[in-house]
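The listed protein sequences correspond, in order, to chains R and G. For the first sequence, this note's numbering begins at 118 and goes up steadily by one. For the second sequence, this note's numbering begins at 118 and goes up steadily by one.
Hints are computed from structural coordinates only; laboratory data are not their basis. Just so it is clear, the structure is predicted and the values come from calculations on it, not from any experiment. Hints may contain errors.
Intra- or inter-copy, both count: the list cannot distinguish identical chains.
[Stated by the list, open to error] Cross-link-like lysine-lysine pairs, in silico, DSSO-like; alpha carbons within 27 Å at most:
(1) 601 - 523
(2) 601 - 135
(3) 280 - 523
(4) 280 - 578
(5) 135 - 366
(6) 370 - 244
(7) 601 - 616
(8) 240 - 370
(9) 519 - 135
(10) 370 - 245
(11) 523 - 245
The primary structure of each chain is shown beneath.
There are 2 protein chains.
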Amino acid sequence: MNTDVLQKRIRLPELREKVTSPEAAAEYIKDGMKVGMSGFTLAGSVKSVPHAIVKRAATHPLKISVVTGASLGNDVDSAMANAGIMSKRAPFQTDRTLRNAINRGEVMYVDNHLSETGEQLRKQQVKKVDVAILEAVSITENGEIIPTASVGNNEIFAETADKVIIELNLSYPLEMEGAHDIYCATHFPTAVPINIMKPSDRAGSIGIRIPPEKIAAIVITDEMDTPSQNLPPDAETAQIAGHLIEFFKNEIKQGRLTESLRPLQAGIGTIANAVMSGLKTGPFKHLTMYSEVMQDSTFELIDAGMMDFAAATAITLSDQKSREVFGNFAKYKDHILLRPQRISNHPEVVQRLGLITINTALEVDIYGHVNSTHVMGTHMMNGIGGSGDFTHNAHTAIFVTKSVAKDGLISSIVPMVPHVDHTEHDVDILVTEVGLADLRGLAPRERAQAIINNCVQGEYKTMLQEYVAEANLRGGQTPHVLEKALSWHQRLYETGSMKDEVKLTQVA
Amino acid sequence: MNTDVLQKRIRLPELREKVTSPEAAAEYIKDGMKVGMSGFTLAGSVKSVPHAIVKRAATHPLKISVVTGASLGNDVDSAMANAGIMSKRAPFQTDRTLRNAINRGEVMYVDNHLSETGEQLRKQQVKKVDVAILEAVSITENGEIIPTASVGNNEIFAETADKVIIELNLSYPLEMEGAHDIYCATHFPTAVPINIMKPSDRAGSIGIRIPPEKIAAIVITDEMDTPSQNLPPDAETAQIAGHLIEFFKNEIKQGRLTESLRPLQAGIGTIANAVMSGLKTGPFKHLTMYSEVMQDSTFELIDAGMMDFAAATAITLSDQKSREVFGNFAKYKDHILLRPQRISNHPEVVQRLGLITINTALEVDIYGHVNSTHVMGTHMMNGIGGSGDFTHNAHTAIFVTKSVAKDGLISSIVPMVPHVDHTEHDVDILVTEVGLADLRGLAPRERAQAIINNCVQGEYKTMLQEYVAEANLRGGQTPHVLEKALSWHQRLYETGSMKDEVKLTQVA
Ligand SMILES: CC(C)(COP(=O)(O)OP(=O)(O)OC[C@H]1O[C@@H](n2cnc3c(N)ncnc32)[C@H](O)[C@@H]1OP(=O)(O)O)[C@@H](O)C(=O)NCCC(=O)NCCS
Ligand SMILES: CC(C)(COP(=O)(O)OP(=O)(O)OC[C@H]1O[C@@H](n2cnc3c(N)ncnc32)[C@H](O)[C@@H]1OP(=O)(O)O)[C@@H](O)C(=O)NCCC(=O)NCCS
Chain R
118 MNTDVLQKRI RLPELREKVT SPEAAAEYIK DGMKVGMSGF TLAGSVKSVP HAIVKRAATH
178 PLKISVVTGA SLGNDVDSAM ANAGIMSKRA PFQTDRTLRN AINRGEVMYV DNHLSETGEQ
238 LRKQQVKKVD VAILEAVSIT ENGEIIPTAS VGNNEIFAET ADKVIIELNL SYPLEMEGAH
298 DIYCATHFPT AVPINIMKPS DRAGSIGIRI PPEKIAAIVI TDEMDTPSQN LPPDAETAQI
358 AGHLIEFFKN EIKQGRLTES LRPLQAGIGT IANAVMSGLK TGPFKHLTMY SEVMQDSTFE
418 LIDAGMMDFA AATAITLSDQ KSREVFGNFA KYKDHILLRP QRISNHPEVV QRLGLITINT
478 ALEVDIYGHV NSTHVMGTHM MNGIGGSGDF THNAHTAIFV TKSVAKDGLI SSIVPMVPHV
538 DHTEHDVDIL VTEVGLADLR GLAPRERAQA IINNCVQGEY KTMLQEYVAE ANLRGGQTPH
598 VLEKALSWHQ RLYETGSMKD EVKLTQVA
Chain G
118 MNTDVLQKRI RLPELREKVT SPEAAAEYIK DGMKVGMSGF TLAGSVKSVP HAIVKRAATH
178 PLKISVVTGA SLGNDVDSAM ANAGIMSKRA PFQTDRTLRN AINRGEVMYV DNHLSETGEQ
238 LRKQQVKKVD VAILEAVSIT ENGEIIPTAS VGNNEIFAET ADKVIIELNL SYPLEMEGAH
298 DIYCATHFPT AVPINIMKPS DRAGSIGIRI PPEKIAAIVI TDEMDTPSQN LPPDAETAQI
358 AGHLIEFFKN EIKQGRLTES LRPLQAGIGT IANAVMSGLK TGPFKHLTMY SEVMQDSTFE
418 LIDAGMMDFA AATAITLSDQ KSREVFGNFA KYKDHILLRP QRISNHPEVV QRLGLITINT
478 ALEVDIYGHV NSTHVMGTHM MNGIGGSGDF THNAHTAIFV TKSVAKDGLI SSIVPMVPHV
538 DHTEHDVDIL VTEVGLADLR GLAPRERAQA IINNCVQGEY KTMLQEYVAE ANLRGGQTPH
598 VLEKALSWHQ RLYETGSMKD EVKLTQVA
């Protein structure tokens, strides 16, 4: 290890003595512990110590409870799941191996609102974190820990853990110092307002402040984050973006929005990213973002001169975009801030700023209840993430989805969702490639008409119209035919398709 | 009309000329209008002009859209529903006649989070209010309108309506002046923090400030609010309170709470009121309340010297308690504040104060998803009210319910709720007369065990255990047997009971 680099990256001399191997750091992790790890939607994930823990577990079996910002990258979740060392996992994941272990009931997965995980720790309502493992760009002369591409729950893990292990990642540019805004929300009983009136308001410090003696070990790494796996925009995501642009244009015309809209939040995944990217073709200016994750589309909008500022808790990019942004960080530094997820997702700030939120639904029912998480109502996909934090508190809460999945075998608009993450009270606008349903101010029976008429097509549209007609005969605020409400999912479970083959055959 | 009374109650002289009959005031209401009316859970309801509108509709047919704080008293909702003059109704009701009209699909009912209704008006996301009809104790020399037993959405109706009609109610004591805290939340794009750090912090003025020329008519009334219909505490509500007191005692012992707990919110209805009343037997001191409604139990706790301060948007009392409180208002004036529902229910303040919220569930499923509103998933009971505003943002979100309804024909704990108002992400504690399930930090499969083991008894317990065992065989994060998930409700629909008669016969 080059001492010059070490002196620049660890500027509090006494801490340089803590540099050690991943294997030695891993020894701090004991059976039964709760371990807090940095990482948010792949960004700023720990990369080294967890793999050393897994290796060690082969000879010294252990089970730990793992809590993070959100999903980890660099194969950490899959390695831990494969080794069977996780008894519990919170609050978000996107890993196929881990997901399968969760759905087999082997890992107890606690799917939290992402603004709440750290808060529960501070309130001592869940078991405390024993050891925190946090990725850092550097440690300043004052002992401030500078996070990397995500902040997540790092400041709360550092505050509440007994010991902290740092993974100092040399692959990030030192210029990242100053790109973070570490505001630690005050706590009961002395809570005060959060001093953020617009996305660019700095409220906190550039790094995480804890007593240096809490740092038990520092491990040096230089691996980059796993790049995001988002697929590129396609014809359908372009259509969704087109409907949204038309909607925004009309809101501007009606005087309800201006050409800078409201600060934007956009969810993770292919669809939300593609839709945001599609906004480039709209007549917008001076956009801002107050979100969880900056994705490729954020920097495309900044590059296009359409977005002035973006605040989030993580930067999750494709391989190519990552090189552009981190290779050229000075260009973007004045346009972004990374905050703790408690702040990026905080109901107080989301309410005050009045966000337009755009999240992706797995499926939606005719009344506008959204399932974001559970395939067939039972099997975990990723988790609710921040979608609840944002949707509950939005100025305008938008959900997007393609109208069908799996080549049309699945309709994303169903009579009743078998799992609800967002209730009709919280869903203002639904958009599919077919069109947009404006649900604001509508009663459930009116919502059903708006959704079926605007967002669905083909045989599923006919099937939903028939369902509603039959349900209405039974009456109610939110009419249903109980014995048929989940029949589409049962058919999918039994036949692999939601299509009503019997009826199709009869018709044929 | 005694001029002396009029001079005391309408202290801005020019407004005294606006005093008129209900019939004359009703002429301002035209077909197709949207009318904002004061009234929140029966309290501070308009009492006179709506009945004049109904009378007039007999000869001059009209349809109006009615938006309120919450439920109206004094037969206003039933009279309007019976006359068929409401095309639309928002955001809450508790009236049997209206409920039936809603469930027949005759009135489009928009069931809002109560913190959001006014906000949607200010954002112009729903049709504007044409005329506001607001009950008042008095109008000051500055033209400030002093509300009566509720504030609700009055300040927003007054701000956004073209015309305002006042119902000046002489049955309220003039001493109520000063008991209201009318803080109008600032609005996009200039929103600033709400200056409330504890329930007793005054943030606004004593009355509603609008240009006096907006007041089109003043009608004099002297009818009291409809008293609340809450049933008295019974053995089961005492058991629920007992379980809660044990839970709080343990939280205090663990250092997570102090003997003043956190500011309390309690929902409407018999059960929440009885449970709050039951807290009198606990070891608590210096309690405070930050809630929607003060009920009898609030004043019992104040009288018992256990509660220092209560803030809400409405005072809804039994006949007897109402006489005590309004007949002796000076005694309570320093212990209470009435605020707009946008503020009493505001996510920012609820988060900052860290409330313990206690709301009643109609039914809950084994994973802790709560149905607060829809009997059988389809038929509206009352509405979600503020339960979402509080539950999403609580320090500790508690739901209470008796374990069975209708003499045991209905289990309040079911495999899957057919309507979700509060998702498992938001529900921390569930209490029935059987016991308490602490769901904090648990994954869904663990939640199911906690709920079934602690909150259910008898044959329903066995039936739920069998359901879970079968569901677990199918796997998933949240296992279900889709074709049986709603079978209990189907059985109720078909046989009038959730009991598994076939199985009972087999066993016998
Ligand atoms: C809902 C979510 C999974 C969609 O992700 P996406 O990448 O935009 O969407 P895709 O259409 O590519 O769908 C992802 C997968 O779900 C499948 N899918 C989509 N709709 C489905 C449905 N109704 N039923 C079953 N599977 C479905 C797709 O086929 C695809 O499967 P594959 O991975 O096997 O190809 C993702 O947005 C998510 O996890 N959301 C919850 C968290 C969240 O909203 N966070 C926001 C704050 S950051
Ligand atoms: C859920 C709610 C209806 C319970 O009211 P309550 O008066 O405490 O409870 P009760 O047990 O007396 O139940 C009220 C009625 O619902 C019925 N009921 C209760 N559980 C039921 C179930 N699972 N299925 C069908 N009916 C049920 C009761 O039998 C009773 O019927 P009745 O009026 O014909 O006698 C009421 O709390 C509510 O409307 N909540 C939603 C709004 C809210 O939570 N606001 C909170 C912020 S103020």
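Which of the stated hints cannot be reconciled with the structure, identified by number in ascending sequence? 2, 3, 4, 5, 9 and 11
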